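Undergrad: So the sequence lines, in the order shown, correspond to chains A and B. For what it's worth, the working numbering labels the leading residue of the first sequence as 1, then goes sequentially. For what it's worth, the working numbering labels the leading residue of the second sequence as 1, then goes sequentially.
None of these hints come from the bench; they were simulated from the model. Computed from a prediction, not measured in an experiment: that's the story for all the values here. Take these hints with a grain of salt, some might be off.
What the hints assert, rightly or not - To be clear about the criterion: a stretch of chain A counts as covered by chain B if any three or more of its residues have a C-beta under 8 angstroms from a C-beta of chain B, and this derived list gives those stretches:
(1) 135 to 142
(2) 152 to 164
(3) 248 to 261
Said to hold, decoys possible - Here are the computed distance ranges between Cβ atoms for each label pair:
(4) B:LYS197 x A:TRP61: 37 to 45 angstroms
(5) B:ASP246 x A:PHE231: 38 to 46 angstroms
(6) B:GLY68 x A:ASN9: 43 to 51 angstroms
(7) B:VAL249 x A:PRO113: 52 to 60 angstroms
(8) A:ASP186 x B:ASN292: 38 to 46 angstroms
(9) A:THR142 x B:TYR282: 52 to 60 angstroms
(10) A:THR95 x B:TYR170: 29 to 37 angstroms
(11) B:SER38 x A:SER101: 53 to 61 angstroms
(12) B:GLY196 x A:THR7: 53 to 61 angstroms
What the hints assert, rightly or not - Okay, derived cross-link-like pairs now, DSBU-like style, lysine-lysine, Cα gap no bigger than 35 angstroms in a straight line:
(13) A:LYS168 x B:LYS197
(14) B:LYS281 x A:LYS140
(15) A:LYS60 x B:LYS35
(16) B:LYS241 x A:LYS60
(17) B:LYS281 x A:LYS233
(18) B:LYS39 x A:LYS141
(19) B:LYS39 x A:LYS233
(20) B:LYS281 x A:LYS168
(21) A:LYS226 x B:LYS241
(22) A:LYS168 x A:LYS140
(23) B:LYS35 x A:LYS170
(24) A:LYS140 x B:LYS39
(25) B:LYS39 x A:LYS170
(26) A:LYS98 x B:LYS241
(27) B:LYS241 x B:LYS281
(28) A:LYS141 x B:LYS35
Even glycine gets a Cβ: it sits at the ideal position worked out from N, Cα and C.
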Amino acid sequence: MNKQNLTINQLYQKANQIRKDIILTLENAGSGHSAGPLGLADIFSALYFRILNYDSSNPKWEDRDRLFVSNGHVAPVWYVTLSHAGFFPNAELLTLRKLNSRLQGHPNRLDTPGVENTSGPLGQGLSQAVGSALAGRMDKKTYRVFCITSDGEHDEGQTWEAIMLASKEKLNNLTVIVDRNNIQIDGYTEKVMPLDSLKEKYEAFNWHVIEIDGHNIEEFIDACHKARAIFEKPVCIIAHTIPGKGVDFMEFKPEWHGKPPNKDEAQKALEQLRTLDGKIVYD
Amino acid sequence: MINDLENTLLNYTDPNLAKLPTRDGFGQGLLEVAKQNSKIVGLCADLTESTRMHWFAENFRERFIQVGVAEQNLIGVAAGLALEGKIPFAASYAVFSPGRNWDQIRVSVCYSNLNVKIVGGHAGLTVGPDGATHQALEDIAITRVLPNLVVISPADSEQARQATIAIANYDGPCYLRLSREASPVFTTSKTTFEIGKAQVLKSGNDLTLIATGPMVFNALMVAENLKADYSVEVINVHTIKPIDIDTIVKSAQKTRKVVTVEEHQINGGLGGAVAEVLGEKYPTPMLRIGMNDCFGQSGKAQELLDFYGLSVYKILEKVKIFLNEKI
């Protein structure tokens with residue numbers, strides 16, 4: 001087990017490194033999604049360097065905590081974080097979306113060490129996480145199951161099918177993290193298909209809901225700890241995030257949902273992110 | 001000439017042959033194999049008794065998950081259980097699963113290459129009075145194109161029992177196609193089922209009749225009716241994918257005339273699969289008998305088979321014309 005216990009400051013620095021690598025990786029790939037991965041960098045930093053139990057030299061270690069990613073298009077943040085956590089060499093990030101790469105455009109469990117589930121078509125990950133949590137309970141395992149979902153994929157009926165079953169089965173070993181960034185491909189979520197109040201919806205399905213600022217790492221860690229203490233129901237952490245976080249010309253812009261930066265844009269983004277290097281952004 | 005396999009069959013010309021639906025064989029097989037293997041879990045989308053999963057559910061409550069009328073979630077949850085080493089059997093009607101959740105089967109099961117057993121009940125025309133909405137006539141076509149997926153369509157209840165045990169012991173995604181209606185049980189425990197190995201149930205030289213599911217019995221009866229004039233070979237293709245190329249080609253080389261019979265669209269189903277094999281390996285005149293690009297309707301099972309040309313008599317008529325065509 002190589003669970004790492006970075007300090008809050010170190011986690012923010014790690015998140016900044018992850019963001020820079022996301023920019024470099026996407027620019028090199030020439031296609032892929034920018035906004036979601038940047039918005040999730042703080043949460044991925046906290047998950048892999050504070051919350052999750054895992055062993056990067058033994059990705060299938062049976063007692064590891066499971067992280068399912070349902071919105072597979074955020075693959076860049078997952079791949080970058082996995083490489084930082086030691087699952088594969090950082091240099092391999094430059095193969096993203098290239099022929100014969102282990103880093104497919106959308107994650108495939110058979111290709112990439114540390115990738116728990118295959119995803120891309122939205123709405124499928126939570127069902128798989130529910131299956132994993134049910135198996136864990138049947139086998140009296142103590143691993144925890146986390147599932148990251150996008151807000152947009154709550155348009156999919158399957159997501160609600162899974163929400164209902166998790167609640168029926170009182171899966172207290174399951175924590176869903178909703179990346180509430182308010183954008184999807186065609187625009188703002190509340191225009192495409194209104195989701196609010198997402199909190200009340202989950203509560204109506206008998207989940208315990210914690211709403212947080214998805215860029216406040218301490219809040220996120222606290223929410224994960226609180227989730228462990230809820231025994232009678234599954235927990236949903238609604239993490240309000242800024243799509244494109246850290247790069248001013250990408251933030252809040254739906255048009256950055258599904259495209260990568262070109263060379264100039266990547267340069268500008270990296271300059272902005274580098275200004276945060278080594279700075280204490282939390283006290 | 002009677003082959004070894006034929007010797008294991010019951011006398012199928014006996015009008016008093018017992019009839020059972022293939023779903024019963026599945027329910028029995030699942031119960032048997034679940035007693036041996038604690039990794040087996042069952043999931044159902046609100047059709048537990050209809051799919052005959054209730055025998056398992058009553059005996060292994062702690063290993064049964066009722067997901068409600070939610071076929072997409074059914075498959076996703078099964079995939080998650082398989083990720084953790086379970087052997088999930090996920091049951092519904094074939095029109096809903098794989099009919100409604102094909103993308104979940106494609107990505108969460110097949111691309112992920114997970115050990116999920118998809119059980120599609122009430123397949124084919126013989127669903128009867130429920131009508132076209134509930135008659136799965138396209139499920140073979142949409143499953144046999146999926147990489148990694150094994151597609152099984154057992155000929156009778158005993159074969160369904162054996163097939164259930166076989167797929168439980170096979171590591172990989174499988175689709176098991178079952179029928180609602182009782183049909184003659186003519187195979188025995190000695191008629192050994194092997195995934196991917198088609199069964200020559202009757203040897204012959206003038207014509208090859210290839211069938212799947214309960215239509216295999218009809219094919220045998222057609223051969224019986226023709227025996228005074230023609231020696232007909234009958235092959236049970238219980239595994240649609242991977243299809244047994246050798247057995248099909250060898251038979252076509254001998255008889256040079258091939259007829260396929262299925263309770264499914266002729267396009268993309270067994271007929272399509274056999275045509276693909278022969279088109280590449282040994283082009284042979286063919287007749288595909290099944291649903292000809294149309295939906296079914298309400299009616300009794302036997303009435304429907306007769307109306308859509310799948311009763312023994314209707315198949316016989318078509319085969320006679322095919323045999324007399326100058327090729």
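Undergrad: Go through the numbered hints given earlier and state which of them the structure violates, listing their numbers in rising order.
TA: 3, 5, 7, 11, 13, 14, 17, 20 and 21
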